[in-house]
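S.K.: Quick note, the sequences are listed as chains A and B, same order. My numbering applies: residue 4 is where the first sequence begins, and numbers increase by one. My numbering applies: residue 4 is where the second sequence begins, and numbers increase by one.
Read the hints as simulated data drawn from the structure, not as lab findings. There may be inaccurate statements among the hints.
Identical copies carry no separate label here, and so any pair may be met within one copy or between two of them.
[As the list claims (entries may be wrong)] Simulated pairs of lysine to aspartate or glutamate, DMTMM-like, Cα-Cα distance not exceeding 25 Å:
#1 Lys149 - Asp186
#2 Lys226 - Glu42
#3 Lys55 - Glu151
Here the structure is a predicted model, which means the values were calculated and not measured.
The lines below spell out each chain.
Protein chains: 2
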Amino acid sequence: MALKLYVDRMSQPSRAVIIFCKLNGIDFEEVRINLSKREQLSPEFKEINPMKQVPAIMDGRFKLSESHAILKYLACAFPGIADHWYPADLYKRAKVDSVLDWHHSNLRRGAAAYVFSTVLAPSFGLTLNPQAAAEAEKVLLTSLAKIESVWLQKKGQFLLGSGQPSIADLSLVCELMQLEVLDEKDRERIIGPYKRVLKWIDDTKNAMQPHFQEVHVILFKAKERFHKQRSAVGSSLPQSSRKPDLHSKM
Amino acid sequence: MALKLYVDRMSQPSRAVIIFCKLNGIDFEEVRINLSKREQLSPEFKEINPMKQVPAIMDGRFKLSESHAILKYLACAFPGIADHWYPADLYKRAKVDSVLDWHHSNLRRGAAAYVFSTVLAPSFGLTLNPQAAAEAEKVLLTSLAKIESVWLQKKGQFLLGSGQPSIADLSLVCELMQLEVLDEKDRERIIGPYKRVLKWIDDTKNAMQPHFQEVHVILFKAKERFHKQRSAVGSSLPQSSRKPDLHSKM
Numbered sequence: 004m005a006l007k008l009y010v011d012r013m014s015q016p017s018r019a020v021i022i023f024c025k026l027n028g029i030d031f032e033e034v035r036i037n038l039s040k041r042e043q044l045s046p047e048f049k050e051i052n053p054m055k056q057v058p059a060i061m062d063g064r065f066k067l068s069e070s071h072a073i074l075k076y077l078a079c080a081f082p083g084i085a086d087h088w089y090p091a092d093l094y095k096r097a098k099v100d101s102v103l104d105w106h107h108s109n110l111r112r113g114a115a116a117y118v119f120s121t122v123l124a125p126s127f128g129l130t131l132n133p134q135a136a137a138e139a140e141k142v143l144l145t146s147l148a149k150i151e152s153v154w155l156q157k158k159g160q161f162l163l164g165s166g167q168p169s170i171a172d173l174s175l176v177c178e179l180m181q182l183e184v185l186d187e188k189d190r191e192r193i194i195g196p197y198k199r200v201l202k203w204i205d206d207t208k209n210a211m212q213p214h215f216q217e218v219h220v221i222l223f224k225a226k227e228r229f230h231k232q233r234s235a236v237g238s239s240l241p242q243s244s245r246k247p248d249l250h251s252k253m
Numbered sequence: 004m005a006l007k008l009y010v011d012r013m014s015q016p017s018r019a020v021i022i023f024c025k026l027n028g029i030d031f032e033e034v035r036i037n038l039s040k041r042e043q044l045s046p047e048f049k050e051i052n053p054m055k056q057v058p059a060i061m062d063g064r065f066k067l068s069e070s071h072a073i074l075k076y077l078a079c080a081f082p083g084i085a086d087h088w089y090p091a092d093l094y095k096r097a098k099v100d101s102v103l104d105w106h107h108s109n110l111r112r113g114a115a116a117y118v119f120s121t122v123l124a125p126s127f128g129l130t131l132n133p134q135a136a137a138e139a140e141k142v143l144l145t146s147l148a149k150i151e152s153v154w155l156q157k158k159g160q161f162l163l164g165s166g167q168p169s170i171a172d173l174s175l176v177c178e179l180m181q182l183e184v185l186d187e188k189d190r191e192r193i194i195g196p197y198k199r200v201l202k203w204i205d206d207t208k209n210a211m212q213p214h215f216q217e218v219h220v221i222l223f224k225a226k227e228r229f230h231k232q233r234s235a236v237g238s239s240l241p242q243s244s245r246k247p248d249l250h251s252k253m
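Excised from the complex, chain A in its bound form (with noise of 0.2 Å):
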């Protein structure tokens, strides 16, 4: 039985799993499970992910929920995946680890929070909230300092100072990815400050290619769509209610 792959596109931990089976020649089944419908709730993926959350996977019949954990097992259970993904030796091994850790309480806390309650939320039925987009907004700022000058301090393309790509980088740039829906402005005024993270950003999707565009298609809609309803809202608004900057509207 092929390995199955419980995602959204839309999610971009579910990315970074659908590009590292790509990228290594796994064979997967991908079946959507679409959020915007909350089809994560739905009694059968309960079954399969009783955390209602993706991406999930089953591999045979062993389920597995968490796109870090799912990666680490795949770059282990599956024969011929190069050491760089997820590095063997013990000391390399435990930096990638304690990155991916930081990832979810710092960048990951930012960004998807900022992204939703600046863009996605009427998507989910909810409200736009300045409060909440404030408030990550200065965890993802910190967290694009710290990846700045911490994580990207070393020579070396890659994080830790790598020469090739870990399931860090894979899971870190998913999730900044994730900026491309915002205005174009908002997304310019927070991560163009940070050059290396910038360059760290296209020498990850180039080592990825084709698989990285070809995974992300659907959010380049996505951005389409939400540019095209902020330009709707724009023109509709009488000339003085207009501002430059779209965030400040929210």
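Put chain B on the given structure of chain A with help from the hints.
M.R.: For chain B alone, coordinates are given in the frame of chain A:
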């Protein structure tokens, strides 16, 4: 050079790392980084962990932060650590990884934020925050329900149906111990309904004595101190202002 642990015993992930070392006979030097004095921000500590968080370790020249990464490293780096702490078996290890990853954005996010915004904030020069507390309580209650119904659903005293504790039991129970500093009625209201969780906390404590108790002494002293403060505030109020549930007075 002995292993150095940079910790504050008032921090739950710090306690988990100390207890792990003591239980497994790992020699270490404890370097206290007093969070309430903001010692984690000092230039000296930045050299150890540029993320400015505890716990961090230095093993020879190898530096590592993030408690889960540290626990995994210690379980693998030191000889003779029993397998149940972090199983070598691919499937069992993946499941422990999954619980530990889940912890960050669920139990930790709820419990740490709730305790901080209802009790600890003034120790760090901040005011109590009822709105943050209400949001954190939701996350905390959902997390407790998930532990009760998912992670503890199988036979076996510990998480994932195991008969012996893993680093996931250690991490999650240390987090829940932080609820000790709450007003007793609050703590009972929050955790009381989760009978399996309560038994699992007791089982985990018992499996880790005497070190579990010893490393938590500082927390029990803090509990007494906060209790006295609450009593003093309560008795200084006019009778009509006293409420039976101190939580509602935040």
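S.K.: Hints first: check each against the structure and report whether it holds.
M.R.: Hints versus structure:
1. Lys149 - Asp186: within (24 Å within a copy, 36 Å between copies)
2. Lys226 - Glu42: Cα proximity of Lys226 and Glu42: one copy only (22 Å, versus 43 Å across).
3. Lys55 - Glu151: For Lys55 and Glu151, only the inter-copy Cα distance (15 Å) is at most 25 Å; the intra-copy one is 33 Å.
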